[in-house]
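Colleague: Sequence:
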Amino acid sequence: MHTGLAERFGIDYPIFGFTPSQDVAAAISRAGGLGVLGCVRFNDPGELDEVLEWMHENTDGKPFGVDVVMPAKIPTEGSKTDLDSLIPPEHRAFVERTLDDLGVPPLPAGQDRVNTGVLGWLHSVARSHVDVAIEHTRKYGQIKLIANALGSPPDDVIAQAHDSGLAVAALAGTAEHALHHLDAGVDIVIAQGYEGGGHTGEVTSMVLWPEIVDAVGDRAPVLAAGGVGSGRQMAAAIALGAQGVWMGTAWLTAAEYRLGSTGDGPSTVQRALLKATSRDTVRRRIYSGKPARLLKTRWTDAWDAPGAPEPLPMPLQNLLVGEAHARISASDDAEVVAMPAGQIVGRCNEIVPVAQLIDGLIAEYESAVARLGATLS
Numbered sequence: 089m090h091t092g093l094a095e096r097f098g099i100d101y102p103i104f105g106f107t108p109s110q111d112v113a114a115a116i117s118r119a120g121g122l123g124v125l126g127c128v129r130f131n132d133p134g135e136l137d138e139v140l141e142w143m144h145e146n147t148d149g150k151p152f153g154v155d156v157v158m159p160a161k162i163p164t165e166g167s168k169t170d171l172d173s174l175i176p177p178e179h180r181a182f183v184e185r186t187l188d189d190l191g192v193p194p195l196p197a198g199q200d201r202v203n204t205g206v207l208g209w210l211h212s213v214a215r216s217h218v219d220v221a222i223e224h225t226r227k228y229g230q231i232k233l234i235a236n237a238l239g240s241p242p243d244d245v246i247a248q249a250h251d252s253g254l255a256v257a258a259l260a261g262t263a264e265h266a267l268h269h270l271d272a273g274v275d276i277v278i279a280q281g282y283e284g285g286g287h288t289g290e291v292t293s294m295v296l297w298p299e300i301v302d303a304v305g306d307r308a309p310v311l312a313a314g315g316v317g318s319g320r321q322m323a324a325a326i327a328l329g330a331q332g333v334w335m336g337t338a339w340l341t342a343a344e345y346r347l348g349s350t351g352d353g354p355s356t357v358q359r360a361l362l363k364a365t366s367r368d369t370v371r372r373r374i375y376s377g378k379p380a381r382l383l384k385t386r387w388t389d390a391w392d393a394p395g396a397p398e399p400l401p402m403p404l405q406n407l408l409v410g411e412a413h414a415r416i417s418a419s420d421d422a423e424v425v426a427m428p429a430g431q432i433v434g435r436c437n438e439i440v441p442v443a444q445l446i447d448g449l450i451a452e453y454e455s456a457v458a459r460l461g462a463t464l465s
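Every position in the sequence shown, counted from 1, becomes a number in my numbering once 88 is added.
Everything hinted at is true.
Between beta-carbon pairs, the in silico distance windows are:
(1) Gly98 with Leu460: 26 to 32 angstroms
(2) Gly229 with Arg307: 22 to 28 angstroms
(3) Arg373 with Asp244: 25 to 31 angstroms
(4) Arg320 with Ser173: 46 to 52 angstroms
(5) Gly348 with Arg373: 20 to 26 angstroms
(6) Glu223 with Thr365: 39 to 45 angstroms
(7) Asp389 with Asp243: 39 to 45 angstroms
(8) Glu145 with Leu195: 28 to 34 angstroms
Restricting the straight-line Cα-Cα distance to at most 30 angstroms, the calculated cross-link-like pairs of lysine-lysine (DSBU-like) are:
(9) Lys378 with Lys232
(10) Lys363 with Lys378
(11) Lys363 with Lys384
FYI, nobody ran anything at the bench for these hints, they're computed from the structure. Ideal Cβ positions, reconstructed from N, Cα and C, are used throughout, including at glycine.
All chains, full assembly: derive it from the sequences and hints.
Modeller: And the structure:
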């Protein structure tokens with residue numbers, strides 16, 4: 089596939105694969121795409137440093153990227169203790185009561201909230217992720233992209249990335265957001281439609297992608313995100329003016345995805361994903377405090393029930409539910425998982441190695457393009 093973005097990053101296919109799993113990210117890069125490692129799960133920059141070292145050793149010299157969660161406006165953060173004090177007691181009581189009602193056991197002895205992946209949502213920790221990634225870029229040169237899930241990064245972070253030779257990408261849910269990114273210095277716009285997993289806007293992909301392509305013109309390339317899980321959808325994205333696709337949910341049932349796995353066979357989360365249809369997701373603020381699409385489970389149902397409190401703003405909601413998410417992940421109940429997932433989850437019907445997934449995407453893309461070509465005299 090020859091697009092400007094594929095040539096820019098030196099990859100065979102303009103498939104940008106976002107995943108919290110280093111095993112999956114490395115496999116995507118080895119298979120000809122660009123694996124993008126989600127950093128939000130790393131509380132400790134030292135742990136991210138070790139994982140990036142592993143990525144350098146397991147990507148056959150191929151490029152990859154990192155994804156951080158950082159608002160453009162630097163918040164007045166305070167200490168974690170200060171933030172904890174802002175969480176209403178009734179919210180804490182609701183979470184504890186709900187976990188008890190759902191039969192979710194406590195965390196194993198010795199594991200506390202500091203080790204449950206909640207601190208990665210804090211601005212200061214996200215900045216440490218950027219620092220670690222840039223240091224690795226200077227050392228090895230393999231990291232080629234920093235993507236931000238919450239819009240444009242702060243100006244100094246964009247400048248720091250550019251000084252290190254890194255491209256900066258940011259997700260956009262409207263054409264206005266995309267133009268703001270470009271004005272801020274972002275290099276690549278990721279147009280994420282309503283169908284996508286995680287943080288999304290309210291415009292569907294089929295409408296959003298060409299809107300953003302038309303709005304940005306030749307100022308920047310666009311990646312199509314939200315509901316992409318097949319070669320036909322890749323062809324549609326290219327036809328609508330994108331230079332590639334950004335995929336997340338489709339990798340959650342990859343054979344290399346081992347997060348949350350306790351042994352052989354699919355993890356608890358994967359078992360929930362495998363049985364889900366495209367109708368089994370909801371868009372709520374309960375995961376992070378901002379609207380995010382999640383797998384519909386008994387956990388999300390509890391927050392929809394009468395008497396449930398309103399979600400708190402970011403990052404308080406993260407701190408509120410961080411331990412709950414860790415307890416849910418450690419349990420073995422596929423009906424109670426707390427997992428971001430897009431509507432394309434309905435296609436995640438089997439555990440498949442990443443290389444096989446990408447081969448299938450490209451084969452279907454070729455068929456779709458040939459079918460389109462046959463319609464012309």
